[in-house]
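Undergrad: Take a look at the letters that make up each chain.
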Amino acid sequence: MNNRGDKLISVYWFAILILVAGGIIAMVLIFYGAQYDVREIEGEIMNNKISDCISYKGLINENVFEKNYQDNLLKNCHVTFNVEESWTDIQYYFDVKIFGIENIDETVAEFSEGNKNLISSCEIANENYEKLAKCSNGKFYAIGEENKQYLIQILSIVRKSEKNVKQ
Amino acid sequence: MLSNKLNKKGQVVETKNWKFLSSSIFPKTRKGQVAETVTWVVATMIIILILIVSIFISVSLSKAKELSISGVVSKVGSFFISEDAGEISRLDTKTKLAISINEKDLEVINDWIKK
Numbered sequence: 001m002n003n004r005g006d007k008l009i010s011v012y013w014f015a016i017l018i019l020v021a022g023g024i025i026a027m028v029l030i031f032y033g034a035q036y037d038v039r040e041i042e043g044e045i046m047n048n049k050i051s052d053c054i055s056y057k058g059l060i061n062e063n064v065f066e067k068n069y070q071d072n073l074l075k076n077c078h079v080t081f082n083v084e085e086s087w088t089d090i091q092y093y094f095d096v097k098i099f100g101i102e103n104i105d106e107t108v109a110e111f112s113e114g115n116k117n118l119i120s121s122c123e124i125a126n127e128n129y130e131k132l133a134k135c136s137n138g139k140f141y142a143i144g145e146e147n148k149q150y151l152i153q154i155l156s157i158v159r160k161s162e163k164n165v166k167q
Numbered sequence: 001m002l003s004n005k006l007n008k009k010g011q012v013v014e015t016k017n018w019k020f021l022s023s024s025i026f027p028k029t030r031k032g033q034v035a036e037t038v039t040w041v042v043a044t045m046i047i048i049l050i051l052i053v054s055i056f057i058s059v060s061l062s063k064a065k066e067l068s069i070s071g072v073v074s075k076v077g078s079f080f081i082s083e084d085a086g087e088i089s090r091l092d093t094k095t096k097l098a099i100s101i102n103e104k105d106l107e108v109i110n111d112w113i114k115k
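Chains as they are written, first to last, in my numbering: chain A, 1 to 167; chain B, 1 to 115.
Hints were generated in silico from the structure; no laboratory data involved. We treat Cβ as the ideally placed atom computed from N, Cα and C, and that holds for glycine. Incorrect hints may appear among the rest.
To spell it out: a stretch of chain A is covered by chain B in this simulated footprint if at least three of its residues, at any positions, have a beta carbon under 8 Å from a beta carbon of chain B; those stretches are [claimed, not checked]:
hint: 1; stretch: 15-25
hint: 2; stretch: 56-62
hint: 3; stretch: 74-88
hint: 4; stretch: 139-152
Dumping the calculated DSS-like pairs for lysine-lysine here, alpha-carbon to alpha-carbon at most 30 Å [to be verified]:
hint: 5; chain 1: B; residue 1: K96; chain 2: A; residue 2: K160
hint: 6; chain 1: A; residue 1: K57; chain 2: B; residue 2: K31
hint: 7; chain 1: B; residue 1: K96; chain 2: A; residue 2: K75
hint: 8; chain 1: A; residue 1: K131; chain 2: B; residue 2: K115
hint: 9; chain 1: B; residue 1: K115; chain 2: A; residue 2: K148
hint: 10; chain 1: B; residue 1: K114; chain 2: A; residue 2: K166
hint: 11; chain 1: A; residue 1: K131; chain 2: A; residue 2: K97
hint: 12; chain 1: A; residue 1: K160; chain 2: B; residue 2: K115
hint: 13; chain 1: B; residue 1: K114; chain 2: A; residue 2: K49
hint: 14; chain 1: A; residue 1: K116; chain 2: B; residue 2: K104
hint: 15; chain 1: B; residue 1: K115; chain 2: A; residue 2: K67
hint: 16; chain 1: A; residue 1: K166; chain 2: A; residue 2: K116
hint: 17; chain 1: B; residue 1: K63; chain 2: A; residue 2: K57
hint: 18; chain 1: A; residue 1: K57; chain 2: A; residue 2: K67
hint: 19; chain 1: A; residue 1: K97; chain 2: B; residue 2: K31
hint: 20; chain 1: A; residue 1: K67; chain 2: A; residue 2: K131
hint: 21; chain 1: A; residue 1: K160; chain 2: B; residue 2: K114
hint: 22; chain 1: A; residue 1: K57; chain 2: B; residue 2: K115
hint: 23; chain 1: B; residue 1: K114; chain 2: A; residue 2: K131
hint: 24; chain 1: A; residue 1: K49; chain 2: B; residue 2: K31
hint: 25; chain 1: B; residue 1: K114; chain 2: A; residue 2: K57
hint: 26; chain 1: B; residue 1: K114; chain 2: A; residue 2: K116
hint: 27; chain 1: B; residue 1: K31; chain 2: A; residue 2: K7
hint: 28; chain 1: A; residue 1: K163; chain 2: A; residue 2: K131
hint: 29; chain 1: B; residue 1: K63; chain 2: A; residue 2: K148
hint: 30; chain 1: A; residue 1: K163; chain 2: B; residue 2: K31
hint: 31; chain 1: A; residue 1: K49; chain 2: A; residue 2: K166
hint: 32; chain 1: B; residue 1: K96; chain 2: B; residue 2: K114
hint: 33; chain 1: B; residue 1: K104; chain 2: A; residue 2: K131
hint: 34; chain 1: A; residue 1: K49; chain 2: B; residue 2: K96
hint: 35; chain 1: B; residue 1: K96; chain 2: A; residue 2: K67
hint: 36; chain 1: A; residue 1: K75; chain 2: A; residue 2: K160
hint: 37; chain 1: A; residue 1: K148; chain 2: B; residue 2: K104
hint: 38; chain 1: A; residue 1: K163; chain 2: B; residue 2: K104
hint: 39; chain 1: B; residue 1: K96; chain 2: A; residue 2: K163
hint: 40; chain 1: B; residue 1: K63; chain 2: A; residue 2: K97
Construct the entire structure; sequences and hints are all you get.
TA: Listed below in structure tokens is the structure:
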């Protein structure tokens, strides 16, 4: 038995072992270390939350046509725009457009809340601009008083890029 | 791992008995030694290659990781694997409920929603 070769092989085995273990650790770190972008989901949740206070069981909440209700929509819909202290600007925006079915080009009611500067991000839907805000669009149909038909469009925008996209 | 053997003088000597480190791994002939070395080098290269490929795959998978409201969705190109597929959105449910009350102008409603 070659004693020198024996030692050499042991070192080689340890080197391979370290290499494979290091590779596995690197793979796990790369896969699980990647950031999750939850802005689209946040936007969808906001859409759902707002849609709940506009329509319930297919019937429209007639209060949404009142100015006072629209002005206090955040409170009425139990939505909050509070974020971590790292941001000074509002990181959210949403707008609601209600159309009558007889004329789908003109809105019956329209109201919005949040940071209007984020709207421009929706026009640029490109993978290269991931640091911009994410927009989520929702459309649904509801019935009003006297069987009036309404089409409702909700646009929700979430920025919070620093927490969702690798800088 | 250790076994006893007799040496030339007839004394009992302890020797290692590792099969993978036995004479086949250190052949006596030069040709054998070269062949053995090439095998080890190729084996090492294959291990490194597999590792590199795996790391590249995990990088591309981590980039394609997307979340949907119905669960985690891993997207690789146009191939989707959803953990909770088939969930109907809340807005669709609202529309269906409203249609069940009044289904007039159904085509206009569907067209507008799909637009």
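Undergrad: Each of the hints needs a verdict: does it hold here or not?
TA: Quick rundown of the hints versus the structure:
1. 15-25: holds (count 4)
2. 56-62: holds (count 3)
3. 74-88: Since three or more residues must qualify, the claim that chain B covers the stretch 74-88 of chain A is violated, with 0 doing so at under 8 Å.
4. 139-152: holds (count 8)
5. K96(B) to K160(A): violated (33 Å)
6. K57(A) to K31(B): The hint is violated at about 84 Å.
7. K96(B) to K75(A): holds (27 Å)
8. K131(A) to K115(B): Holds, because 27 Å separates the two Cα atoms, which is no more than 30 Å.
9. K115(B) to K148(A): holds (22 Å)
10. K114(B) to K166(A): violated (33 Å)
11. K131(A) to K97(A): With Cα atoms ~27 Å apart, K131(A) and K97(A) stay inside 30 Å; holds.
12. K160(A) to K115(B): holds (28 Å)
13. K114(B) to K49(A): The hint holds at about 21 Å.
14. K116(A) to K104(B): Violated. K116(A) to K104(B) sits at ~36 Å, over the 30 Å cutoff.
15. K115(B) to K67(A): Roughly 29 Å separates the two Cα atoms, so the pair holds.
16. K166(A) to K116(A): This hinted pair holds, its Cα atoms lying about 24 Å apart.
17. K63(B) to K57(A): violated (39 Å)
18. K57(A) to K67(A): holds (23 Å)
19. K97(A) to K31(B): violated (83 Å)
20. K67(A) to K131(A): Distance of about 35 Å is beyond 30 Å: violated.
21. K160(A) to K114(B): Holds. K160(A) to K114(B) sits at ~29 Å (cutoff 30 Å).
22. K57(A) to K115(B): Judged against 30 Å, a Cα distance of about 23 Å means the pair holds.
23. K114(B) to K131(A): Distance ~28 Å between K114(B) and K131(A) Cα, so the pair holds.
24. K49(A) to K31(B): Distance of about 76 Å is beyond 30 Å: violated.
25. K114(B) to K57(A): holds (21 Å)
26. K114(B) to K116(A): Holds: K114(B) and K116(A) sit about 26 Å apart, inside 30 Å.
27. K31(B) to K7(A): At roughly 22 Å apart (the allowed maximum being 30 Å), K7(A) and K31(B) satisfy the hint.
28. K163(A) to K131(A): holds (10 Å)
29. K63(B) to K148(A): Not satisfied, since the Cα-Cα distance of roughly 47 Å exceeds 30 Å.
30. K163(A) to K31(B): violated (61 Å)
31. K49(A) to K166(A): Given pair K49(A), K166(A) holds - Cα atoms ~28 Å apart, limit 30 Å.
32. K96(B) to K114(B): Within the cut-off at roughly 14 Å; holds.
33. K104(B) to K131(A): violated (43 Å)
34. K49(A) to K96(B): holds (18 Å)
35. K96(B) to K67(A): holds (28 Å)
36. K75(A) to K160(A): This hinted pair holds, its Cα atoms lying about 22 Å apart.
37. K148(A) to K104(B): holds (10 Å)
38. K163(A) to K104(B): Status violated; Cα separation ~45 Å.
39. K96(B) to K163(A): Status violated; Cα separation ~36 Å.
40. K63(B) to K97(A): violated (35 Å)
Hint check: violations occur at hints 3, 5, 6, 10, 14, 17, 19, 20, 24, 29, 30, 33, 38, 39, 40; the rest are consistent with the structure.
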